[in-house]
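Engineer: Respectively, the protein sequence lines represent chains S and A. For the first sequence, numbering that gives the first Met the number 0 begins at 0 and goes up steadily by one. For the second sequence, numbering that gives the first Met the number 0 begins at 0 and goes up steadily by one.
Keep in mind that a hint or two might mislead.
Unchecked claim - Derived pair list, reagent style BS3-like, types lysine-lysine, alpha-carbon separation capped at 30 angstroms:
# : chain 1 : residue 1 : chain 2 : residue 2
1 : S       : Lys515    : A       : Lys76
2 : S       : Lys515    : A       : Lys19
3 : S       : Lys405    : S       : Lys499
4 : S       : Lys405    : S       : Lys516
5 : S       : Lys499    : S       : Lys359
Claimed, not checked - Between beta-carbon pairs, the in silico distance windows are:
#  : chain 1 : residue 1 : chain 2 : residue 2 : range
6  : A       : Gln20     : S       : Gln151    : 50 to 56 angstroms
7  : A       : His10     : S       : Glu135    : 42 to 48 angstroms
8  : A       : Gln20     : S       : Asn298    : 44 to 50 angstroms
9  : A       : Ala65     : S       : Ser6      : 52 to 58 angstroms
10 : A       : His73     : S       : Ala471    : 27 to 33 angstroms
11 : A       : Ala65     : S       : Ala471    : 21 to 27 angstroms
12 : A       : Glu69     : S       : Ser6      : 54 to 60 angstroms
13 : S       : Pro54     : A       : Ala65     : 52 to 58 angstroms
14 : S       : Gly142    : A       : Ser59     : 51 to 57 angstroms
15 : S       : Asn298    : A       : Gly50     : 35 to 41 angstroms
16 : S       : Asp325    : A       : His73     : 33 to 39 angstroms
17 : S       : Ala326    : A       : Arg77     : 30 to 36 angstroms
18 : S       : Arg442    : A       : Gly32     : 21 to 27 angstroms
Hints in this document: simulated from the structure, not taken from any laboratory. Idealized CB from N, CA, C, for every residue including glycine.
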Amino acid sequence: MSAAAASLIETLERRGRNGGDRAACWWRGRPLAWRQLGRGIDATARALHARGVAPGDRVLLVIEEGDAFLSAFWGALRAGAVAVPMLPRSGAGRLLDTAAWLGAAGIVADREPAERWQELQAALPSGGPWLLDGDEAAAAPAGTPLPAAPAQDQVAFLQLTSGTTGAQKAVRIRHRDLAKNVQQMSAGFGITGDDVFLSWLPLHHDMGLILMSMVPLAHGCALHLQPPGMPAIRGWMDEAARCGATFTAAPDFAYRLCLRLARERDGLDLSRLRVALDAAEPVRASTVEEFERAFGLANVITPAYGLAEATVGVSTWPPGTPIRVDARGYVAVGAGFPGVRLRVDGESGSLPAGEVGEVKVASPSLAAGYWGDPLPIDDDDHRWLSTGDLGYLDADGILFIAGRSKEVINLGGLTLAPREIEETVDRLPFVRRSAAVGIDRGRLEGEQVFVFVELLRGARGEREEQSAAVVAAFHERLGMRPGRVCLLESGAIPMTANGKLRYGELRRLYLEGELKKGGALLFPDA
Amino acid sequence: MQVPTLDEIRHVVALELGVKQVGGDDHLVNDLGMESIDLVSILSAIEDRWGVTAQDADLSQVATVADLHELIGHLAKRAQ
Numbered sequence: 000m001s002a003a004a005a006s007l008i009e010t011l012e013r014r015g016r017n018g019g020d021r022a023a024c025w026w027r028g029r030p031l032a033w034r035q036l037g038r039g040i041d042a043t044a045r046a047l048h049a050r051g052v053a054p055g056d057r058v059l060l061v062i063e064e065g066d067a068f069l070s071a072f073w074g075a076l077r078a079g080a081v082a083v084p085m086l087p088r089s090g091a092g093r094l095l096d097t098a099a100w101l102g103a104a105g106i107v108a109d110r111e112p113a114e115r116w117q118e119l120q121a122a123l124p125s126g127g128p129w130l131l132d133g134d135e136a137a138a139a140p141a142g143t144p145l146p147a148a149p150a151q152d153q154v155a156f157l158q159l160t161s162g163t164t165g166a167q168k169a170v171r172i173r174h175r176d177l178a179k180n181v182q183q184m185s186a187g188f189g190i191t192g193d194d195v196f197l198s199w200l201p202l203h204h205d206m207g208l209i210l211m212s213m214v215p216l217a218h219g220c221a222l223h224l225q226p227p228g229m230p231a232i233r234g235w236m237d238e239a240a241r242c243g244a245t246f247t248a249a250p251d252f253a254y255r256l257c258l259r260l261a262r263e264r265d266g267l268d269l270s271r272l273r274v275a276l277d278a279a280e281p282v283r284a285s286t287v288e289e290f291e292r293a294f295g296l297a298n299v300i301t302p303a304y305g306l307a308e309a310t311v312g313v314s315t316w317p318p319g320t321p322i323r324v325d326a327r328g329y330v331a332v333g334a335g336f337p338g339v340r341l342r343v344d345g346e347s348g349s350l351p352a353g354e355v356g357e358v359k360v361a362s363p364s365l366a367a368g369y370w371g372d373p374l375p376i377d378d379d380d381h382r383w384l385s386t387g388d389l390g391y392l393d394a395d396g397i398l399f400i401a402g403r404s405k406e407v408i409n410l411g412g413l414t415l416a417p418r419e420i421e422e423t424v425d426r427l428p429f430v431r432r433s434a435a436v437g438i439d440r441g442r443l444e445g446e447q448v449f450v451f452v453e454l455l456r457g458a459r460g461e462r463e464e465q466s467a468a469v470v471a472a473f474h475e476r477l478g479m480r481p482g483r484v485c486l487l488e489s490g491a492i493p494m495t496a497n498g499k500l501r502y503g504e505l506r507r508l509y510l511e512g513e514l515k516k517g518g519a520l521l522f523p524d525a
Numbered sequence: 000m001q002v003p004t005l006d007e008i009r010h011v012v013a014l015e016l017g018v019k020q021v022g023g024d025d026h027l028v029n030d031l032g033m034e035s036i037d038l039v040s041i042l043s044a045i046e047d048r049w050g051v052t053a054q055d056a057d058l059s060q061v062a063t064v065a066d067l068h069e070l071i072g073h074l075a076k077r078a079q
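Looking at chain S on its own, in the form it has when it is part of the complex (with noise of 0.2 angstroms):
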């Protein structure tokens, strides 16, 4: 058996104990070695086990720094807990509402910003989850015996996701379908201990945190990682050239920001690079293009498609091979992983070639459902996943992604629930409704979250403070912002005959500039 498919768990262990001062990965650039890797995974296990974390039981990680996550991260998994990796800047109002509906065990986070920390500490009741930081959960008394390492069919983590209807939903990873995914991402890449990882991706999801930092960890490969954001987009292929990277992923609106933000482009050595993969966002040919032509490049930038719901990689286009792009600009994808098979369903099941559907996937690593509504584990050969996804297949088996049905919100390949969003709006004073949509103009900002927010007849108060507010209540909630935030009058939000939030329809309003020629935009006007 490869690396790879042996259990992760074991492996890194082994590699804890064997490594010595061999660095698991850089994190900022210092080193994280193995010897510590594994102290930190056997310290945290024991120590929450001592607590009383009982296998399966639900532990949320809110942790910024990646050395420190990752120690936390596997930890708890070799406790047999399942983790719950959260955006670090997430605000103490999601992390309670997230550890009540998962009935968390408790919560390691980090104490900055201390005003979250307090507040944390503060509602949450003694004799219900206990609150942690990275140090505490890892500080295990003498003596504390090491549990039982989990079995391959329990969950391993939830990965926060939206679901096809929008609601947040939890996707339950086994420990065998990460072991597996691992396995297939790793043959259709070709990746050997010899490739070089280069990630800024967060580690918290899963492309960043299943391909760019499991894949290399299973491979011992070196594994360069930075924290997600302007700076590390911006110094991205420096980085690439110093470390001889020859693995990299991001999604596409990162490749189009970094060509304006680059300030060297000429005289980088990027020989070694051999995969940049384009993934977790649609892949546009333009970005593809001007990319590999700004820094030299040649069949590096690889479109590649995979969702939570299917553990992460589904499919790629084959690396080092010039991409393949239709008549409509849509950018194939490739065949599938080893073991992955395709389907584009219609209404009346699966269409022929060439015709536009709904993608569906059976894959030895599709997760096992949804928290609160798992799938029998035994059915997984006859499973195809309803992906919500748009594409079709051409005469060749091979897979290109044309849209999407559901309603989802694709932020710079992190999914996000609109219904997340509208509660944490809904509750401000001078709303009415609102409704949060993923709108791409096409243009260099990718799709953006926009929030259109219906005012309460007679709410007072200045329209832009109005609108800084839903700013700043999402911010809170999210630790991110939206693109845009559109006052809207009330009744301006199209519904249909049941109260459903009619996205599309709305979508549409916006971007044909109806909501404005009807008068019904209120800021920003113009």
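Start from chain S and add chain A according to the hints.
Structural biologist: Showing chain A alone in chain S's frame:
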């Protein structure tokens, strides 16, 4: 094409970031906590309001609000 003033750019930045006070010398990332995604939404707001497109702009020298104003002014003049 109208060219936005520094005050107008400060105003857009404050609105997009949901903060009250924005100074011209404020550093977008260090002082205002701007993320990569926020920058593109600010540029998009500017494009919608003044028609100044930053689609192909070189943003590598933009660090402060005043830098952003200078860049937008430059792009607006180039488009005239």
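Engineer: All hints are to be evaluated individually against the structure, with a verdict given for each.
Structural biologist: Okay, the hints, checked on the actual structure:
About 28 angstroms separates the Cα atoms of Lys515/S and Lys76/A, which keeps this hinted pair within 30 angstroms; it holds. Between Lys515/S and Lys19/A the CA atoms are separated by roughly 27 angstroms; this keeps the pair inside 30 angstroms, and the hint holds. As the CA atoms of Lys405/S and Lys499/S are separated by approximately 14 angstroms, the hinted pair is consistent with the 30 angstroms bound. Under the criterion of a C-alpha separation no larger than 30 angstroms, the hint pairing Lys405/S with Lys516/S is consistent with the structure, at around 28 angstroms.
For the given pair, Lys499/S sits about 26 angstroms from Lys359/S by alpha-carbon distance, which is consistent with the 30 angstroms threshold. The given range of 50 to 56 angstroms is respected by Gln20/A and Gln151/S, whose C-beta atoms sit roughly 55 angstroms from each other. Between His10/A and Glu135/S the CB atoms are about 44 angstroms apart, so this pair conforms to the stated range of 42 to 48 angstroms. Between Gln20/A and Asn298/S the beta carbons are some 49 angstroms apart, a value that agrees with the proposed interval 44 to 50 angstroms.
Between Ala65/A and Ser6/S the Cβ separation comes to about 55 angstroms, which falls inside the hinted range of 52 to 58 angstroms. Between His73/A and Ala471/S the Cβ separation comes to about 32 angstroms, which falls inside the hinted range of 27 to 33 angstroms. At about 24 angstroms, the CB distance of Ala65/A to Ala471/S agrees with the hint of 21 to 27 angstroms. Checked against the hint of 54 to 60 angstroms, the pair Glu69/A and Ser6/S passes, with Cβ atoms roughly 56 angstroms apart.
Between Pro54/S and Ala65/A the beta carbons are some 56 angstroms apart, a value that agrees with the proposed interval 52 to 58 angstroms. Checking the proposed 51 to 57 angstroms range against Gly142/S and Ser59/A shows it holds: the Cβ atoms sit about 56 angstroms from each other. Checked against the hint of 35 to 41 angstroms, the C-beta distance between Asn298/S and Gly50/A comes to roughly 37 angstroms, which is consistent with it. Between Asp325/S and His73/A the Cβ separation comes to about 38 angstroms, which falls inside the hinted range of 33 to 39 angstroms.
Separation of Ala326/S from Arg77/A is about 34 angstroms and conforms to the stated range, judged on CB atoms against 30 to 36 angstroms. In this structure, Arg442/S and Gly32/A meet the distance hint of 21 to 27 angstroms, their C-beta atoms being roughly 24 angstroms apart.
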